[in-house]
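Asks: Protein chains in written order, with my numbering: chain A, 3 to 419; chain B, 3 to 419.
Check each hint, because a few of them may be wrong.
Put simply, identical chains are the same to the list, so a pair is met inside one copy or across any two.
Below, in silico cross-link-like pairs of lysine-lysine (DSS-like), each with a Cα-Cα straight-line distance of 30 Å or less [claimed, not checked]:
| no. | residue 1 | residue 2 |
| --- | --- | --- |
| 1 | LYS244 | LYS114 |
| 2 | LYS114 | LYS210 |
| 3 | LYS287 | LYS114 |
| 4 | LYS275 | LYS6 |
| 5 | LYS54 | LYS160 |
| 6 | LYS6 | LYS210 |
| 7 | LYS92 | LYS114 |
| 8 | LYS210 | LYS54 |
| 9 | LYS160 | LYS287 |
None of these hints come from the bench; they were simulated from the model.
There are 2 protein chains.
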Amino acid sequence: MNIKEYMADVGARARASATVIAATQSLQKNAALLAIASSLDERRDELVSANKKDMAQGISDGLAAALLDRLCLDDQAIDQMIVGLSQVAKLPDPCGEITDLSYRPSGIQVGKMRVPLGVVGIIYESRPNVTIDAASLCLKSGNAAILRGGKEALNSNKAISACIETGLKKVGLPKDIIQVISTADRAAVGELITMNEFVDVIVPRGGKGLIERIVNQATVSVIKHLDGICHVYIDDGADLIKAFDIAINSKTHRYGVCNAMETLLIASSVAPKILSRLVEAYIEKGVELRGCERTLALVDMIAATDEDWGTEYLAPILSIRIVDDMNSAIDHIARFSSGHTEAIVTQDISRARQFMSRVDSSSVIVNASTRFADGFEYGLGAEIGISTDKIHARGPVGLEGLTSQKWVVFGDGHIRE
Amino acid sequence: MNIKEYMADVGARARASATVIAATQSLQKNAALLAIASSLDERRDELVSANKKDMAQGISDGLAAALLDRLCLDDQAIDQMIVGLSQVAKLPDPCGEITDLSYRPSGIQVGKMRVPLGVVGIIYESRPNVTIDAASLCLKSGNAAILRGGKEALNSNKAISACIETGLKKVGLPKDIIQVISTADRAAVGELITMNEFVDVIVPRGGKGLIERIVNQATVSVIKHLDGICHVYIDDGADLIKAFDIAINSKTHRYGVCNAMETLLIASSVAPKILSRLVEAYIEKGVELRGCERTLALVDMIAATDEDWGTEYLAPILSIRIVDDMNSAIDHIARFSSGHTEAIVTQDISRARQFMSRVDSSSVIVNASTRFADGFEYGLGAEIGISTDKIHARGPVGLEGLTSQKWVVFGDGHIRE
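Required output: the full structure, derived from the provided sequences and hints.
Replies: In structure tokens form, the structure reads like this:
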């Protein structure tokens, strides 16, 4: 297979079908989503047996248990994909919404209409359910999609792709709206991220290595989700009961997620009042603690190194630092945060305002757990990822992040004088 | 000079000063803009004499008259820069605005706060006034800027840069907020567009060649303004008086601008009623006409080639095509438009709605001149360019296009269950 030709063909088909899906009404898009769900339901056996091939290959290739876990597509995972499709079908259609329509001094009426981006390229790793997540969000937002899953999931993704094709056909939409790349050749990714004439934006989902590689090589715009090194700062004006709950929830609600706290910052004046209770609770939950020197002076634990402050553990490990005050906390965050999510716990309204303004992360939270930084919690209905970027989309990216706005102008024979 | 080291130093300074300007209040930013204006006013002689060096060099290098014209910095051009600065000072500050703040079922309150992008890199060609335009918009929107003007304008830009520095110092802001690259070495651009750690977005302003080169090589996100191949379509439901005015104004109001019409499309049923009057008016204004075969059958003129449909003339030249109906017009636009601005003239509300929805350009206009596609006409107050891109900013880009939004969350001890 000539990868360059293959990808150019995929790109041209995507571009052509993007015009069709952009002009498709909500009812038909929703029907397509439900038809894909039915097709998944009807072809469970095919999906599971295709996945078994991938799993067997994965085991013989010696894939890590965590990767095999993500790769697995059982009946429950298929149920979740079906539920996801019907949830996206229920979301309001973002396309066509006109906002800010107002008259200008010249007499023309100017506003903005929300429109699809065109062609979205999504590159992801082993989870085959991402194929359905990505397909459903792109379809609902009126975009064509080119999906490139991990090579470990090639058979699973082909089987899912067949269901998508069936669903699209059933409602009379061209199959090229959602294309799944059928080659494991890495060169396909290199083509996808540089086909500026065919692709409007790339959304990579996966580990830091994958994303950095894509950002460095892409000429197409990238909505990227790098790591989540999230902080909770317990201010000296904090309500210590709220602080305790938020610090525990932010770390221990789930460990392997990007909005989990990785470093706890505590104002030195309150550290003696709360640290030992926190440490006790963390240890009870099996969290390994690594502290700065001032922390160690209060409670015995492993000493944190400079590397700890810049590490996304994604695991039951927490680094703790005692800081002089909010300014030191903000300095620490500016230096070590990945710009994902930071929280302050304080009853002091002036410091809450300052923290809110000065911390440059995609979510800044006052008196709540970092775990709320999530598309569902924010009311987006679904998310394609969490952008740690500032261009186009920031934080949880839902349907709106997959759209753009064009200017619309209404006149009545107006000309410029 | 080691360009790599020089640019890394510029980048690091920009990143550091971005934190300062992001936290600077409106009053101080406005004071800085006015202080820069005063400094330009006080140092007119230095500016003019620096510009004379560039002009002399330009003449001896054999620069085209149009380029020399753009390069020239006389008292009138300085006046315009001063007026521009005070206009930007009067615009509302986009930063800090919180929108969409609402309660979620969990009890947290979620909204979005408008924030600066960080560091903006602007690459432009001969016009030295762009240095002030770009500096003022970046400063007002709370961004640090790295400005790279054309090598023809190096002395002029250095003199302007000195005025900016004086203005920033006068109000106590660090000079690194606005840095003007002081080397003509092209390698500086190559560094600027790949320093992802220091630069958040690149805005290239200039010819198509410059912009394509930057898009192909940049790893930093680019807000790009490619060419403006704009269309007016006169529908068979058009009011022919409005159609006449709009077709004449869109082409002849100004020729060298990106929102001028380059191709006129006319529905075949109305062509016999309006074409000869239009042709007469265009010829009177000195516009060269190039027509499709059906146009030539009605009025004698030069035959248009396929190349004409894809050309941005930026000159008193117009191509004319007679089409069957609106669908053929939309097909022509989809194939040849650069996605900048298209207008329909029609009294038929159904076709107006369809044209509005189906045409995928940054501005879509009903019954008004394409010349309205402009930041000032749209009420943005000022513009850094017109984006033909769909990512982040589309159409005229003002202060808002130089900002992002972060999510803000207010709780009262809320944790995720």
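Asks: Confirm or reject each hint.
Replies: Hint check results:
1. LYS244 <-> LYS114: between (42 Å within a copy, 24 Å between copies)
2. LYS114 <-> LYS210: Intra 35 Å, inter 26 Å, cutoff 30 Å: inter-copy only.
3. LYS287 <-> LYS114: neither (50 Å within a copy, 34 Å between copies)
4. LYS275 <-> LYS6: neither (63 Å within a copy, 50 Å between copies)
5. LYS54 <-> LYS160: within (13 Å within a copy, 66 Å between copies)
6. LYS6 <-> LYS210: both (26 Å within a copy, 26 Å between copies)
7. LYS92 <-> LYS114: For LYS92 and LYS114, the Cα distance is within 30 Å both inside one copy (24 Å) and across copies (24 Å).
8. LYS210 <-> LYS54: within (28 Å within a copy, 51 Å between copies)
9. LYS160 <-> LYS287: This pair counts as neither: shortest intra-copy Cα distance 41 Å, inter-copy 61 Å.
When held up to the earlier numbered hints, the structure conflicts with 3, 4, 9 and fits the remainder.
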